[in-house]
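Student: For reference, the chains in residue letters:
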Amino acid sequence: MEKVVIAPSCERGNDLIAFLYAEIDGSEERDFKHHMQHCAACKSAFAAFKGIRESVVAWRQESLGVVLSPSVVAETGVAPTILSRFGSRKPSALAAIREFFALSPLWMKGALAFASVLFCLFAVLAVARLRETPQAPVAIAANDKVSGGQERNAINEKSARKQFKDPTATQTAKTAVVPDNPPSQNTLRRGPNGSIEFVYNPRPKTRRPLTRAEREQLAADLRLISPKDDADLDLLGDRLNRQE
Amino acid sequence: METATSDEQIVERALTGDAEAFGEIVQRWERRIFSLAYGMLGREEDARDATQETFLAAFRNLRGFRGEAKVSSWLHRIAVNQCISRQRRAKVRNEAALDDEAENDASSFSAPLENSPGRVTEGREQIDAVRRAVMSLPIELRQVVVMKEFEELTFREIADALDLPLSTVKSRLYTAFRQLQMRLQRFGNEAA
Numbered sequence: 004m005e006k007v008v009i010a011p012s013c014e015r016g017n018d019l020i021a022f023l024y025a026e027i028d029g030s031e032e033r034d035f036k037h038h039m040q041h042c043a044a045c046k047s048a049f050a051a052f053k054g055i056r057e058s059v060v061a062w063r064q065e066s067l068g069v070v071l072s073p074s075v076v077a078e079t080g081v082a083p084t085i086l087s088r089f090g091s092r093k094p095s096a097l098a099a100i101r102e103f104f105a106l107s108p109l110w111m112k113g114a115l116a117f118a119s120v121l122f123c124l125f126a127v128l129a130v131a132r133l134r135e136t137p138q139a140p141v142a143i144a145a146n147d148k149v150s151g152g153q154e155r156n157a158i159n160e161k162s163a164r165k166q167f168k169d170p171t172a173t174q175t176a177k178t179a180v181v182p183d184n185p186p187s188q189n190t191l192r193r194g195p196n197g198s199i200e201f202v203y204n205p206r207p208k209t210r211r212p213l214t215r216a217e218r219e220q221l222a223a224d225l226r227l228i229s230p231k232d233d234a235d236l237d238l239l240g241d242r243l244n245r246q247e
Numbered sequence: 013m014e015t016a017t018s019d020e021q022i023v024e025r026a027l028t029g030d031a032e033a034f035g036e037i038v039q040r041w042e043r044r045i046f047s048l049a050y051g052m053l054g055r056e057e058d059a060r061d062a063t064q065e066t067f068l069a070a071f072r073n074l075r076g077f078r079g080e081a082k083v084s085s086w087l088h089r090i091a092v093n094q095c096i097s098r099q100r101r102a103k104v105r106n107e108a109a110l111d112d113e114a115e116n117d118a119s120s121f122s123a124p125l126e127n128s129p130g131r132v133t134e135g136r137e138q139i140d141a142v143r144r145a146v147m148s149l150p151i152e153l154r155q156v157v158v159m160k161e162f163e164e165l166t167f168r169e170i171a172d173a174l175d176l177p178l179s180t181v182k183s184r185l186y187t188a189f190r191q192l193q194m195r196l197q198r199f200g201n202e203a204a
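From first to last, the protein sequence lines stand for chains X and U. Residues are numbered in the numbering used here as their position in the first sequence, beginning at 1, plus a constant of 3. Residues are numbered in the numbering used here as their position in the second sequence, beginning at 1, plus a constant of 12.
Hints are supplied without guarantee of correctness; some may be wrong.
Calculated lysine-lysine pairs in the DSBU-like style (CA-CA distance at most 35 Å, straight line) [unchecked claim]:
1) K103(U) - K82(U)
2) K36(X) - K46(X)
3) K53(X) - K103(U)
4) K82(U) - K53(X)
5) K36(X) - K53(X)
Here are some chain X residues the structure puts well away from chain U; computed CB gaps all over 12 Å [claimed, not checked]:
6) A129
7) T214
8) Q220
These aren't lab readings, by the way, just hints derived from the structure by calculation. Just so it is clear, CB atoms sit at the ideal spot from N, CA and C, and this is done for glycine as well.
Kindly produce the complete structure, drawing on both the sequences and the hints.
Tutor: As structure tokens, then:
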């Protein structure tokens, strides 16, 4: 074991401590200062104790830096609650954000504000762009995100019913469903019982010829024939189909 | 201390059934009790738990407080007892007791304090060595160091809190500093 060399102690240890913490009367302070000029033990101890104090204070500040020192608390009257600060191991997100902003430098606050403005701008632009795109069932079908056949049929039926109940909506939907250059072959047709059905045809690879029923329906939709003349209808395409 | 009378009045209110009165005591003293517990135990989590246990014990024994001592002294005694019993429990459970570490591990100290004027800037190693040295002090010496340095109490306040003569507080602090000096120098010699 290494030998520890400590300067011999002086009998005025209590005065030394009082002097170290500046809790000594004026006359006693002068007296002790005079004593220290001649006492090597006190001079050495004072220097060592001062260094130890500084280290202890550094330890305290490092450990309890977030807590105001008692002198600051006494001066400001602010008394943060330890249990609330330290009682919860995980502070709330809001508290963490507040603390983050409180501790952040000015440039970081500015940068965050700028980033927030940019984010809001992009969000508004994205919403505006989404609103410009058609919201008809075609949009749903064109995206082709609905993969299940049953789900697709359910959506189709729902939209068809909606269009049937609301003529103006039907008109709008028709315009949307059968555009000049449609991305897919979705269409509406009148069923045998007079109801309108939405037919989903997900972009056929090859164009197939219309069936007789489809052509009749198309003609009826375009008001080229009246429904009562349906039986006498003789369509050129049908002949063509038969020839094929 | 200025708040001593008020503390006793608040405790009286708490005893008469004022539900918020004890909360005021907690708010007033928790920071100091936490600092004391931290200095005694050296770990934040332990200090937090000890602080909570202190106030729980105080609340449970509120009826036993007869006003013979100051509220501050009463709370300090409870806190110190909590810290001591907590350390004992930790030792029983074979947890890494900080005072044992302080005795065994001296590798973190790089130089004797009295030979290094720019002490604080020497960084973490020195702080760690001081922490270990403080933790290795006997409880009655550690107590006054912590109350002085962590709670920033005056000698008179420490004397009142611990119910000791003023001269005893000073002599204990002086002895504590001498022992810290010896421990740190020994750490330095062993590390060299």
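Student: Indicate, hint by hint, whether the structure satisfies it.
Tutor: Results for each hint:
Proximity of K103(U) to K82(U) is assessed by CA-CA distance (about 32 Å); at most 35 Å being required, the pair is judged to hold. With a C-alpha separation of about 10 Å, the suggested pair K36(X) and K46(X) falls inside the 35 Å cut-off, and the hint holds. For the proposed pair K53(X) and K103(U), the alpha carbon gap of about 33 Å is at most 35 Å, so the pair holds. For the given pair, K82(U) sits about 32 Å from K53(X) by alpha-carbon distance, which is consistent with the 35 Å threshold.
For the hint linking K36(X) to K53(X), the alpha-carbon distance of about 15 Å falls within 35 Å, and the restraint holds. Once the 12 Å rule is applied to beta carbons, A129(X) is consistent with being away from chain U; the minimum gap is 45 Å. For T214(X), the requirement that its beta carbon stay farther than 12 Å from each beta carbon of chain U is met, with the minimum near 79 Å. Remark: the non-interface label on Q220(X) is consistent with the geometry, its nearest Cβ contact in chain U lying 78 Å away (cut-off 12 Å).
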